[in-house]
Amino acid sequence: MRVAVQREDFDLGAEVRAISRDSKVGAVASFVGLVRDVRMTLEHYPGMTENAIRKIVDQAGSRWQVMDCTVIHRYGELAPNDQIVLVAVASAHRGDAFAACEFIMDYLKTQAPFWKKEHRAGGASWVEAKAADDEAAERWKP
Amino acid sequence: MKIKVLFFASLREQLGRPGEELELPPNIDTIGGLRDHLRARGGAWSSAFAPNRAVRAAVNQDMAQPAAAIKAGDEIAFFPPVTGG
Numbered sequence: 081m082r083v084a085v086q087r088e089d090f091d092l093g094a095e096v097r098a099i100s101r102d103s104k105v106g107a108v109a110s111f112v113g114l115v116r117d118v119r120m121t122l123e124h125y126p127g128m129t130e131n132a133i134r135k136i137v138d139q140a141g142s143r144w145q146v147m148d149c150t151v152i153h154r155y156g157e158l159a160p161n162d163q164i165v166l167v168a169v170a171s172a173h174r175g176d177a178f179a180a181c182e183f184i185m186d187y188l189k190t191q192a193p194f195w196k197k198e199h200r201a202g203g204a205s206w207v208e209a210k211a212a213d214d215e216a217a218e219r220w221k222p
Numbered sequence: 003m004k005i006k007v008l009f010f011a012s013l014r015e016q017l018g019r020p021g022e023e024l025e026l027p028p029n030i031d032t033i034g035g036l037r038d039h040l041r042a043r044g045g046a047w048s049s050a051f052a053p054n055r056a057v058r059a060a061v062n063q064d065m066a067q068p069a070a071a072i073k074a075g076d077e078i079a080f081f082p083p084v085t086g087g
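Heads up: the protein sequence lines correspond to chains A and S, in order.
Per this note's numbering, residue 81 is the first one in the first sequence, and the count goes up by one each step.
Per this note's numbering, residue 3 is the first one in the second sequence, and the count goes up by one each step.
A couple of the hints might just be wrong.
Simulated DEER-style distance windows between Cβ atoms [as the list claims (entries may be wrong)]: (1) S:E77 / A:R101: 36 to 42 Å; (2) A:A84 / S:P68: 43 to 49 Å; (3) A:L92 / S:P53: 29 to 35 Å; (4) S:W47 / A:E88: 23 to 29 Å; (5) S:R43 / A:E157: 31 to 37 Å; (6) S:A69 / A:S100: 31 to 37 Å; (7) A:L92 / S:G75: 38 to 44 Å; (8) S:R19 / A:D89: 27 to 33 Å.
Hints in this document: simulated from the structure, not taken from any laboratory.
Just so you know, these numbers come straight off a predicted model, no measurement behind them.
The beta-carbon is built from N, C-alpha and C at its ideal position, and this holds for glycine as well.
All chains, please: the whole structure from these sequences, using the hints.
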């Protein structure tokens with residue numbers, strides 16, 4: 081399992097290959113989040129961020145068969161089309177890989193301490209949290 | 003007791019500081035109590051911690067509810083609802 085919070089970009093192909101080497105792995109589901117049309121700065125809480133993501137990955141591992149998992153989240157200055165976040169889950173079968181990947185992403189949205197500030201022509205503003213993100217995380221409650 | 007308080011994102015900007023070391027009176031021993039204590043400073047503090055403002059908290063880097071206890075040496079963080087991903 082690998083959790084990284086970094087300024088640098090990542091390579092989806094390399095990350096997927098890295099968790100696919102075990103011959104028992106039959107499925108890898110991955111998600112990449114991108115910056116849409118606005119330049120932004122991402123702030124985080126060093127230390128807590130990594131711990132919070134690790135806890136989410138552990139929860140996923142207790143509900144689904146997760147053979148390996150990589151989560152990378154970037155911070156700092158990001159431009160339109162830049163990659164922000166990667167979640168990749170390796171499992172024996174696709175059901176577990178899909179579910180764990182979506183669960184991790186939904187929980188990360190509401191539990192990992194990141195904040196986006198958008199830079200528009202009129203000035204900079206902090207992005208407001210969305211109720212839809214809380215609802216997405218809520219539906220995984222047992 | 004002495005604690006460390008951190009502020010992030012819009013809260014940090016509004017309060018004009020990333021955090022501070024704080025000596026708490028003994029009757030303040032929960033996250034909710036600390037929030038009220040900070041709000042009572044007035045000015046930017048009263049709007050940043052206004053009751054209708056969505057503020058989340060963490061104790062020693064773990065998300066915490068208002069009833070969560072505070073003890074000496076804790077690292078308490080206040081921040082707006084998260085918007086990563």
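Okay, the hints, checked on the actual structure:
1. Against the hinted window of 36 to 42 Å, the Cβ-Cβ separation of S:E77 and A:R101 comes to about 38 Å, which satisfies the hint.
2. For A:A84 and S:P68, the hinted distance range of 43 to 49 Å is not satisfied, since their beta carbons lie about 32 Å from each other.
3. Between A:L92 and S:P53 the beta carbon distance is about 44 Å. The supplied range of 29 to 35 Å is therefore violated.
4. Checked against the given bound of 23 to 29 Å, the beta carbons of S:W47 and A:E88, roughly 37 Å apart, lie outside it.
5. For the pair S:R43 and A:E157, the beta carbons lie near 33 Å from each other, so the given range of 31 to 37 Å is met.
6. Between S:A69 and A:S100 the beta carbons are some 45 Å apart, a value that contradicts the proposed interval 31 to 37 Å.
7. With their beta carbons about 42 Å apart, A:L92 and S:G75 fall inside the hinted range of 38 to 44 Å.
8. Checking the proposed 27 to 33 Å range against S:R19 and A:D89 shows it holds: the Cβ atoms sit about 32 Å from each other.
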